[in-house]
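Keeping their order, the protein sequence lines are chains F and C. Read in order, the letters of the first sequence correspond to residues 150 to 1036 in our numbering. Read in order, the letters of the second sequence correspond to residues 150 to 1036 in our numbering.
One should not assume that every hint holds.
The list makes no distinction among identical chains, and a pair is therefore deemed to hold if it is satisfied within one copy or across any two copies.
[Claimed, not checked] In silico DSBU-like pairs for lysine-lysine, Cα to Cα no more than 30 Å straight-line:
hint : residue 1 : residue 2
1    : K204      : K881
2    : K943      : K318
3    : K977      : K782
4    : K913      : K977
5    : K943      : K1035
6    : K913      : K1031
7    : K165      : K662
8    : K215      : K704
9    : K530      : K481
10   : K334      : K746
11   : K274      : K315
Just so you know, the hints here were simulated from the structure itself, not pulled from any lab data.
Protein chains: 2
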Amino acid sequence: MPDVKKYVYSFEEGNKDMKQILGGKGANLAEMSTLGINVPPGFTITTEVCDLYYKNEKQITEEIKKEILEHLDKLQKKMEKTLGDANDPLLVSVRSGAASSMPGMMDTILNLGLNDKSVEGLSNKSGNARFAWDSYRRLIQMFGDVVLEVEHAEFEHILENAKDTKGAKYDTDLTTEDLQEIVKKYKEKIKEIKGIEFPQDPVEQLFLSINAVFNSWNNYRAIRYREINGIKGLIGTAVNIQSMVFGNLGEDSGTGVCFTRNPSTGEAKFYGEYLMNAQGEDVVAGIRTPMPVSELEKQNPEIYKELVDICDKVEKHYKDMQDMEFTIQNNKLYILQARSGKRTATAGVRIAVEMVNEGLITKEEAILRVEPNQLNQLLHKQLNPVALVNAEEIAHGLPASPGAAVGEVVFTASEAFNKNQEGLNVILVRTETSPEDIDGMHSAKGILTARGGMTSHAAVVARGMGTCCVAGCSDILIDEKAKILTIKSKNITIKEGDFISLDGSTGKVYLGKVGTQDPELSGNFGTLMDWADEFRKISIRTNADTPIDAATAIKFGAQGIGLCRTEHMFFEGDRIKAVREMILADNVEARKTALAKLLPYQKEDFIGLFHEMDSYSTTIRFLDPPLHEFLPKEEKNIIELAQEMNVSVETLREKIEDLHEVNPMLGHRGCRLAITFPEIYDMQTVAIIEAAIAVADNCPVCGKKHDVKPEIMIPLIATTKEFSILKDRIVKIVDAKLKQSGLEIKYKIGTMIEVPRAALVADKIVESGAEFFSFGTNDLTQMGAGLSRDDAGKFLKEYVAQGIYENDPFEVLDQEGIGELIRIAIEKGRSVKSDLKIGICGEHGGEPNAVEFCHRNGFDYVSCSPFRVPIARLAAAQAAVKELLKK
Amino acid sequence: MPDVKKYVYSFEEGNKDMKQILGGKGANLAEMSTLGINVPPGFTITTEVCDLYYKNEKQITEEIKKEILEHLDKLQKKMEKTLGDANDPLLVSVRSGAASSMPGMMDTILNLGLNDKSVEGLSNKSGNARFAWDSYRRLIQMFGDVVLEVEHAEFEHILENAKDTKGAKYDTDLTTEDLQEIVKKYKEKIKEIKGIEFPQDPVEQLFLSINAVFNSWNNYRAIRYREINGIKGLIGTAVNIQSMVFGNLGEDSGTGVCFTRNPSTGEAKFYGEYLMNAQGEDVVAGIRTPMPVSELEKQNPEIYKELVDICDKVEKHYKDMQDMEFTIQNNKLYILQARSGKRTATAGVRIAVEMVNEGLITKEEAILRVEPNQLNQLLHKQLNPVALVNAEEIAHGLPASPGAAVGEVVFTASEAFNKNQEGLNVILVRTETSPEDIDGMHSAKGILTARGGMTSHAAVVARGMGTCCVAGCSDILIDEKAKILTIKSKNITIKEGDFISLDGSTGKVYLGKVGTQDPELSGNFGTLMDWADEFRKISIRTNADTPIDAATAIKFGAQGIGLCRTEHMFFEGDRIKAVREMILADNVEARKTALAKLLPYQKEDFIGLFHEMDSYSTTIRFLDPPLHEFLPKEEKNIIELAQEMNVSVETLREKIEDLHEVNPMLGHRGCRLAITFPEIYDMQTVAIIEAAIAVADNCPVCGKKHDVKPEIMIPLIATTKEFSILKDRIVKIVDAKLKQSGLEIKYKIGTMIEVPRAALVADKIVESGAEFFSFGTNDLTQMGAGLSRDDAGKFLKEYVAQGIYENDPFEVLDQEGIGELIRIAIEKGRSVKSDLKIGICGEHGGEPNAVEFCHRNGFDYVSCSPFRVPIARLAAAQAAVKELLKK
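Between the sequences and the hints, there should be enough to build the whole structure, so can you do that?
Here it is, written out as structure tokens:
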């Protein structure tokens, strides 16, 4: 009948490529059925019927009804059971299933087909009256709620009353008689509220349920879900009618869950749990302990073999480790579900690599198989999962920097520093951190803050250092003076010196010492990374301010430094004193004198970095933050500093007041400092070029000659003139020093693109001599979208919830808006200089979506914190593979 | 000799169109000479010679030298005098003159030709030995400094010594003998320092001077001047050699300045001053009082008639009022200079209008003739120029809002309000103002702040209200507690109640009461405005928050409201209390209750505005500032408010702390408030539509029916989703109210474009329903260029000085950078909706360059503060005329 449109498909008639009309679930059930796997039989009403339903005033046409009934008839024949039968009734489930997964958003009816007669049939057949009546109770409750629109609470009320009367704690404490009484009351309630009887005709039940599923396609939460997830172009949901099977029909029945490989370790060994004479919920309820699936081999070797064969077949078919649910009903094995199994990072990497070795998948597929962000788990120390079972979770913040940390609580940076010197492990707990805390942050094993988001100072610095950090943990209240932290909701008080444990990957905080385990960069990990490097097109650099960070990054595969923040070097030890002298200086000469004290430190810093980078490029950003960040904020510290600097408190306070800014983000910082105080960048230029000359000639660290490649980066450029004025000064200094040395060192001068205006005049900035652009996407997002990183947390959650931004734009690059600025800048910049070097050094540099964006838009490199380098390598490879597959 | 290049032109050989080679001054002198006006004869060495001079290792070729000498010879013959002659010597001036005016940047030599012999000749011929020797002294000093590069101070030192020895106070107290002695010492000093004699050969003097002028083309200040003023493409300076004439050669000589019309009033009456037997500097020295030029008619009717005829001729020739300098030497009239005369705004308008009536210029020319910003003078009360002569200037700030104000000093907004209620005139003096001060600002005649720039709160609000304001007056120190202000540098203390006077057009502050004069919107002003309206293509709207502002703007010709800032309505009287209740509310219901109290106020506000606008559009912007702006900052006020609101001080402080933002500019404000608290815009929507319905039906103010046109503007939109979410809510409320009323009111919903991201997704914002864009260029500049209005003052001066920005980008729109964002937004927006309405409502809306930018880029309207409406009308007309002239 090629000219008659088909609206209903038996599972055997479909396959996995028919998602658009069968929905995801329907297509999957069809695929397994056609593979010959024993799936409980059923059929799918297509999404087109849903579309027609809405077009036809919420009616299913008679023709389609007829087609449905024909399929029902076939199903009854196949199952040798009939809906509503008083002896051995067929029960079916009615489930939604759109082409895109919308978990839990639409409605489902289970146990359909039960009525006052067939409940007895089920009771007889199963030999379990309680089970039959409980199933009936559930049907009426679900049907009453979803189809008849009687408030769910009405049924719960009756149920609770019954339990109270009986003194029952769990539903399972209710007897058959209790359940019969409840069923009666349920039916009365429906009559009372809706004026109708609960329909006894199973076919009526069926069509009403199908309508209800169609209606749920357009309920509020489903519409919102599609909006938020950008699901477009679907015509409706399919409806799956599937016969129900039961694992609790006696000792020849059972139910279980299995994995084709071990989801924790990735070992290629069948793995799972099961229970005989049980339903899935029995496993969940924890009343009985499930058995390892290996026991099934002893208990029922035939079924076991059948299961193993099916698993093998399904894994080979889908070419991925499968998570499967099965039920044994009267010694017959049914597969209820098969899907790609969730796995740990370790398992993910191992499975991907081994499947390539087994010839099951290609390297390209292996690369696409591992979620880059998951690698984080592999690179950091972890809390031991076993130890975690009994750990007391006391608070939950943002997972700001992954890893685990266990240590004594301290409340100040100096205390962290001191205790660390004594060899103790400490957790630094602060309301929020500031640049003054840098020493203490370096000394701590972990950092916990009460305020600030994923891109707060604490989070950014901690990620940069690879230190575990939980940020914005609003549950905790810190009293720095009293040196205690309290968690009101739990009535817990923690003193300085008490132990806590942090999980930076989940944001959870635990009381006391929780055991940890070290990262294991296994051979499989290395293999996957090597494959990634074969495919990726863009370089991966790192953001590193110290030789230690740089060395870590190199270990993780970084190919240069994309961002060295020189200001971080200004906070350490004695340096801050010279910085403050510089700030308090009244004139150029005094400023130069103070800066001269910083020069040897800066030079030493750069020598260390250049040595580590050897022949890789090192991009050094000149001083960026506003000067007030180097001065204390609190009265006590101001008085201390005034004494130390030998100035009056008033003078110091005036200076601080003078430097105060209403919007420091848009203030006197970056290259603006050098326009007004050119001496600062002059000193940094001298330090860079003297260091470069030293390591090129005779490295003070190793005595070798390095092919050093310094790249000087000017921050916060907004206009061409800023760039040309500063570039001229730099070139003069560098060239004079090089001439003096007699060496030839290839250096580049470029700029951050982080002010929107710079993106708009990017062509002119290149004309005035910029040799590279590095996108500072943090600031570009702040200015471009008008969002302050420090403040936006207050409303960004709501923004993401309402789908205004799909993600926090500080975590995931806003490709539509900020991405457009980047595209404009690249187009303009390369219109002048086609080989203009382009990179990214914002926090987004290690975020997989941003890495893909950079790949697509012709970036030369991305730069990210050392611990994100492997993630970026994999993400870059995935971007390249996706492009290959498109071709 | 058409094949021989000509490098030197007699004045008679050139004309005004030869600026490129003769320079501005040379071309002007030539033009007058060829007109037959008696200019002291001379010749011009072209700019090409300067170019060749630099190309030829700073040498003038022999051929050109010869050409110069030939012209010198002709000049001597014409003047019947010879350079260096011992009896009646010719004296010449040697002056620079490039194609673009560079006043004072290059060098000049006067009295050239004097030497030991000719000084006697000049003495004999003039009968004034002192004059001759003083001229010689001046030549040596000027020549020594400019040509021979002997430090100017060396000569001053000798002169001061001579005066000290003689007990002379002024140079004029020195006798001939004194001057002879000084000349001797000058020559000895030159010999001592440079080892050469002062050249006695006048031709040597001449060529050395010409070289010196060429050299000054590339001195530091000239190069910087060209950079800063964007003067490009010039090849060098011309050199003008002109015979000198003297007005002090006896009673048949004299000198004067005249205007072809009165530069103060514009009256078409010859006007000027002169002195017989005098030089220009005698007038400046103030030793003798000059006579009105009408006296010359009596004293020397022939010369007078000649002068009047010349003036008439020159004015007709240049078609503009001329400012001319003349000298009578031995009864012969010479015109030394004629240029367009500076004039007051009143005179400018009158002259332009009358010249059209006289048939001298066209309306188009008249429109171009008046500088739009000058109109400011006409629209405000002014300090009386006569009274100003004796006024004591005590401080100098920024001319933040034009006009004049005289009143008693008060230091708090509440005091301003109280004293104003008593009928007193007050000047509100604050370190800086905040929104809480709004009542006081309304009550004051003038506002003086110690901090803040041209776009600070005080400045913006004052301009909006048309109140005189001097801002950022850093000379003053305010002690609010003691109620005094001090001006340290002048040792002046002013108490509350003391009188001061402000000039908001100059930024000057005067002690005591200075007389004022009222604005006079003369008939000529009206005529010019009418002509402007004939030509301009874009509408002019106003930024107005109150019916009074709206009425003022209508009087000045506004065609609608482009921006009504509703938050200003929230600060007044009782309203702030309800606003604060709303902010402190813990839940939606409490918030709604507080907002309900504001509704009647808002509705009343809008009724007043709609009534004033009649059938003009009224664009109302929803609440924009962050909520913390409505809460007090100082401890004292917090305690007060807590009592008033009946909450604990701690609760209030927590709320304030909670609302605190690190970068409020990028914070929780604008439409972001409505995403999290939709009740706020709901209330405003109800107020707008209820008000519109009221005035459309039966205006509560006048009882008429107005064709009301509300335009609802959503601020701070950055994403399409923000817009569509809020638009949907607004439309629902408005349409329900309209349906209820049975009226049809055409309303529009649009958005500010003030976040860079919005400009980049402008097409999508239009797709989601925006009916108009209004560019908020203040915020667009802040975010686009990463500059905080509140902070950037600290370095923007330096930025403008270094030419990084040509102007303060908050005063003059940055067309290159921010303009590019605007162009992108317009292009994208109109690609979706070709008739998308486009306006501007930032502070730039009334700035003439921005108005021209808007005209060129297809804006429908600009909106500015009421007092800038006439300026914008004229600027818009000028833009249209310029475009016409190009075609």
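The hints, checked one at a time:
no., hint, verdict
1, K204 with K881, "between (75 Å within a copy, 26 Å between copies)"
2, K943 with K318, "neither (42 Å within a copy, 71 Å between copies)"
3, K977 with K782, "neither (42 Å within a copy, 46 Å between copies)"
4, K913 with K977, "both (8 Å within a copy, 23 Å between copies)"
5, K943 with K1035, "neither (41 Å within a copy, 53 Å between copies)"
6, K913 with K1031, "between (35 Å within a copy, 28 Å between copies)"
7, K165 with K662, "neither (48 Å within a copy, 91 Å between copies)"
8, K215 with K704, "neither (67 Å within a copy, 77 Å between copies)"
9, K530 with K481, "neither (45 Å within a copy, 100 Å between copies)"
10, K334 with K746, "neither (87 Å within a copy, 50 Å between copies)"
11, K274 with K315, "within (28 Å within a copy, 137 Å between copies)"
When the structure is compared with the earlier hints, violations turn up for hints 2, 3, 5, 7, 8, 9 and 10 and for no others.
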